[in-house]
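With chain A fixed as given, assemble chains B and C onto it according to the hints.
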Amino acid sequence: MIHVNTKINGDETEFLCDPRETMLDVLRDKLALTGAKEGCGTGDCGACSITVDGRLVCACLMLGAEADGREIGTVEGIATGEKLHVLQQKFLEHAALQCGICTPGILVATKALLEKHPDPTETQVRYWLAGNLCRCTGYDKIIRAVMDAAKDMREAA
Amino acid sequence: MMRFEAPDSFEGAVALLAAEGGTTRVLAGGTDVLVQLRSDMFTPDLMVDIKRIPGVHDVTAEGGGWRVGAAVSGAELNEHPEVKKDWPGVCEALDLIGSTQVQGRATLTGNLCNASPAADSVPAMIAAGAVVTIAGPDGEREAKAEDIATGPGKTSLKLGELVTSVFLPARGTGGGDCYLRFIPRTEMDIAVVGAAVSMTVEGGKITAARVSLGAVAPTALLVEDAATAIIGSSLDEAALTALGEAASAAANPISDKRGTVAFRTKVAGVLAQRAAKTAYERAIK
Amino acid sequence: MALDGSKSEFKLVGTRPLRPDGIDKVTGRAKFGADAYAAGMLHGAIVRSPHAHAKIVKIDTTKAEAMKGVKAVVTRADFIDGLKGEMWNVLENVMAGDKALYDGHAVAAVCATSTLAARDAAKAIEVTYEILPHVTDVDKAMAKDAPVIREGAAAPGTPEGMHPNVVGYHESGHGDVDKGFAEADLVIEETFRTEATHQGYIEPHACLATMGNDGKGEVWCCTQGHFHVAKVCAALLGTDASQIRVTASEIGGGFGGKTAVFIEPVALALAKKANRPVKVVMSRSEVFRATGPTSSTSMDVKIGMKKDGTITAASGVFRLQGGAFPGAPASFTAMCAFAPYALENVKQIGWDVMSNRPKQAAYRAPGSPMAAFAVESVIDDLCKGLDLDPIDVRLKNASRQGTKASYGVTFDRIGLVETLEEAKAHPHYSAPLAEGAGRGISCGFWFNHGGETAVSLALAEDGTVSLSVGTPDIGGSRASMGQMAAEELGIPYEKIRTTIADTATLGYNEISHGSRVTYASGLATIEAARDTIRKLCARAAAKWKIDPEAVVWEDGCAKPSGPNAGEFEPMTLAKIASSMGRTGGPIVGHYEATPEGAGVSFATHIVDAEVDRETGSTRVTRYTVIQDAGKAIHPSYVEGQFQGGAAQGIGWALNEEYIYGEDGRLQNAGFLDYRIPVASDLPMIDTVIVEVPNPGHPYGVRGVGETSICPPLAAIANAVSNAVGIRMTELPISPPRILAALDGAK
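Residue numbers (our numbering), protein chains in the order written: chain A, 1 to 157; chain B, 158 to 442; chain C, 443 to 1188.
Every clue listed holds true.
According to the in silico footprint, chain C covers these stretches of chain B (three or more CB under 8 Å from chain C):
no.: 1; stretch: 340-346
no.: 2; stretch: 415-425
Here are the simulated EDC-like cross-link-like pairs (lysine to aspartate or glutamate), alpha carbons at most 16 Å apart as the crow flies:
no.: 3; chain 1: B; residue 1: K414; chain 2: C; residue 2: E1104
no.: 4; chain 1: A; residue 1: K116; chain 2: B; residue 2: E236
no.: 5; chain 1: C; residue 1: K565; chain 2: B; residue 2: D197
no.: 6; chain 1: B; residue 1: K414; chain 2: C; residue 2: D1115
no.: 7; chain 1: B; residue 1: K414; chain 2: C; residue 2: E637
no.: 8; chain 1: C; residue 1: K838; chain 2: C; residue 2: E864
no.: 9; chain 1: C; residue 1: K748; chain 2: C; residue 2: D831
no.: 10; chain 1: B; residue 1: K414; chain 2: C; residue 2: D1105
no.: 11; chain 1: B; residue 1: K208; chain 2: A; residue 2: D68
no.: 12; chain 1: A; residue 1: K30; chain 2: A; residue 2: E14
no.: 13; chain 1: C; residue 1: K866; chain 2: C; residue 2: D1128
no.: 14; chain 1: C; residue 1: K473; chain 2: A; residue 2: E76
no.: 15; chain 1: A; residue 1: K116; chain 2: B; residue 2: E233
no.: 16; chain 1: C; residue 1: K744; chain 2: C; residue 2: D823
no.: 17; chain 1: B; residue 1: K208; chain 2: A; residue 2: D53
no.: 18; chain 1: A; residue 1: K83; chain 2: C; residue 2: D466
These are calculated hints, taken from the structure and not from any lab test. A virtual CB, placed ideally from N, CA and C, is assigned to each residue, including glycine.
In isolation and in its complexed conformation, chain A is listed as follows (with noise of 0.2 Å):
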């Protein structure tokens, strides 16, 4: 086992793990975190997205081992307290989700970009997202959700 020091989502965290465990199972297993998802195992669906020192990653083509010394974000760090994130909000606004096992991914993926492509066009939200999978929605509303928050996001600013 391997003993492991990090910060997720601002806390600093410690634990113990496998030298062959993701950082996905150590979120999930080890540590509670069950926002990130499996949706594939293999980096082709995004589901398990997060950052690493501002970095956006897939959870589980990263070994938990990897994690010393980092700072991981997920899902559960993107709302301050009982406030919703602008994206978490235009996303149930739009009915940017249908069963939801992609929204956590999505989410963590679009705030990675809207914080460096604060005015992104339709093409490059997509292409962005590209690696997040939706069955449900065909994309659409996720789009518009997404478009919608960095508008308000640049007016805020």
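Same frame as chain A, but now just chains B and C:
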């Protein structure tokens, strides 16, 4: 039981790899290695994470060219405006691999050492004339990008060796490169065919060129006939036709779940032509 | 219950309130199948056959059982013996008996203290196989020399002399097709093929189970039908259905694929043997290899048309490969094929064929999209051959109220003509096309379904409502149920909490399938609310000492029905509820029934596609869905169903397919090579909601979940065929196929 090590020097990494009696894997971005692990395709006895080694995340100017550390991710390389200006084809090839999430981790070095015939950045590196630096038990050596992969999943790296950086040579004036791939969707697929062209253009005429194809043979190909077809031309219709024919002729693909022999052979020519056109436009800009 | 003519003005129905489970789902709190953990929980892993067809000679579990952390191993011997009929089929699929019938078929399972320990132990279970010849193609499986999957599986009515793999036959129609073809000015006959596709829900199957040796068990799982899970698990483990309590988790997509049971009985068997909770979660590759994809098909369709566009006759033969068990929806395919058209002469035949593939499961309008692909392609070719407008021809032949349908029923009020008229008037249909692009249209049909339904609605003392429904919420139904209850009760939507009740707390509910939830659970919710209202009115009547019949419910209040009833202050729901403990006890409304007026549904889709003639690459550039929803309760989620169906259809048409190798193994058991559409593949998907009320629902609701996937395969095939000038007859219309067709045409 897999062992995990994260040494803080290449000497340490080499020592670990050389001393291991079982199987080993070097972990850079992990976007191939961890897929193999999760899919039960391959679990090494020793995994060596090189991301704690100083310098592996750096992109540094060197003799007019660029040295790209072994752990520089696609996202990081594509945020480097100067490398992007010199080698847009290499940068776009790396950028095409996987999703935004994969871009947060995937590296040129990993793409090269995974030795997939369909690796996107490898034809681009070959066309660019990239040279890699290798650390090993006998010290450092250099190798051309095209000399690393020897077959699907197989490399020329010897026991205890690992690639420490990729060097993209000085671009010089009048240079342009481009990489294009064919995939059924717009993103997320493995290349069915890949084509990279790098060239130097002086006064409208191509004076030097390198053409490389991916996913049409056991390793990425450097196609000299295709380069010959356009050198000396200003990429007129005749040169483009000859380029397409040479590329299709060099293709030696298989039929599999991603494409057929006929499809890959034809599209290799189409993409080589299209990549050449973009490389030419970039060169004369 | 019939359409309630008095209910045409709505306060909440037709609005777009936020879904009640929304905050949980945007914060990561929502608990899906794999998100449950129990104290002392073990992790299960399943050993699966790598062979398409093999005799299981021996299963040696000794090495695995000796491994650290391993607590139990189960094989077929740990399940009940002596089952018959469909339950035997389910058991045989859940855990192989004498033979492994497809690549991925479960043969053993193990549980251990961690997922890694369980996976390692699964690898240590040694299975000795004797490999048998296999077949995975539908036409080859029907051939004389095909390997036999199983003798004696054919359903009654299957013609004599067929290969044992042919297990079902359907024939229907009316009129005289030969006479009809003779009257036609143009007859076109074509053969079509479609590959199997997968529902591709992002959440793999997952469950957490406990069970004691007293036969009492608990299951938490992602399913479209938890009552069905309870029934199946009880049968397979030899206990009583009421002793297995199943709770439906949040469900990460189903589309029909989570109507079948795969891992829950295995988790229960492991839990019983280990006497600890066991969680089983499928990997993505297990989902592709061992759940229920669609049938693959081979189809012959022949249609005759007069110069004026009148269809004189239509016939079709539809051969469906359904995996290693009977049950392919060949009859649905046949019955849906010509349903959009009023035909004098029509005949359809369906064949259910077994092969060495996983047992097919429902996928959104099972069987219908393939039929539409074949039929609507031929109609388009006829329109081209006779130089007729494809919408005009469809309008001319469209089924209407009173039409005797191709499959026998007489249609009541239906909305096909309305969708076609909307399509014709839509700016998309007349928009100029880019060079090299093609436009396609198609109609589609689905029956829709009612099914056993129970709903309960309980008041709290503060005047709020707890609504319990038994159909898992697969796309926002808790919102629409809340809207309908609030509409009836006359209270704010926010005052209602809708819960998917577990199997121990509500009467039996059929699976969330057949586009039945908004229709059937909605109908039951409305009736449960009306039952509650009757009880509320009775309490008011008792207080006012008047006849309950003299009390009406308006705007959330009990009121005297008129001046003769007396003069009393209206009593709000909250007021009556606050004293209910003293006025007769808790007030609970409920409704149980099997509604049968689901109301069929039609759609018309328009699509533009651009084809790169050098690479065969297709881009869908514009898409419009026009569908009859009867009455849209929550329009956002109706649009969502339209858009989702279209997107899945685009994948099916262009890229998605099961690819089996010569060895009978699935070659693309992952999202890398099973290519569902990604965000950058698709345009915005426009929607038009047509509302032709369903006479079988108080508000006129028709199910909307399935019809949306019926037209896309054909619409896209028509668009691509128009773009390249060649009829594409095989799905997926992949780039190599397009390029080969273009090269062949040269």
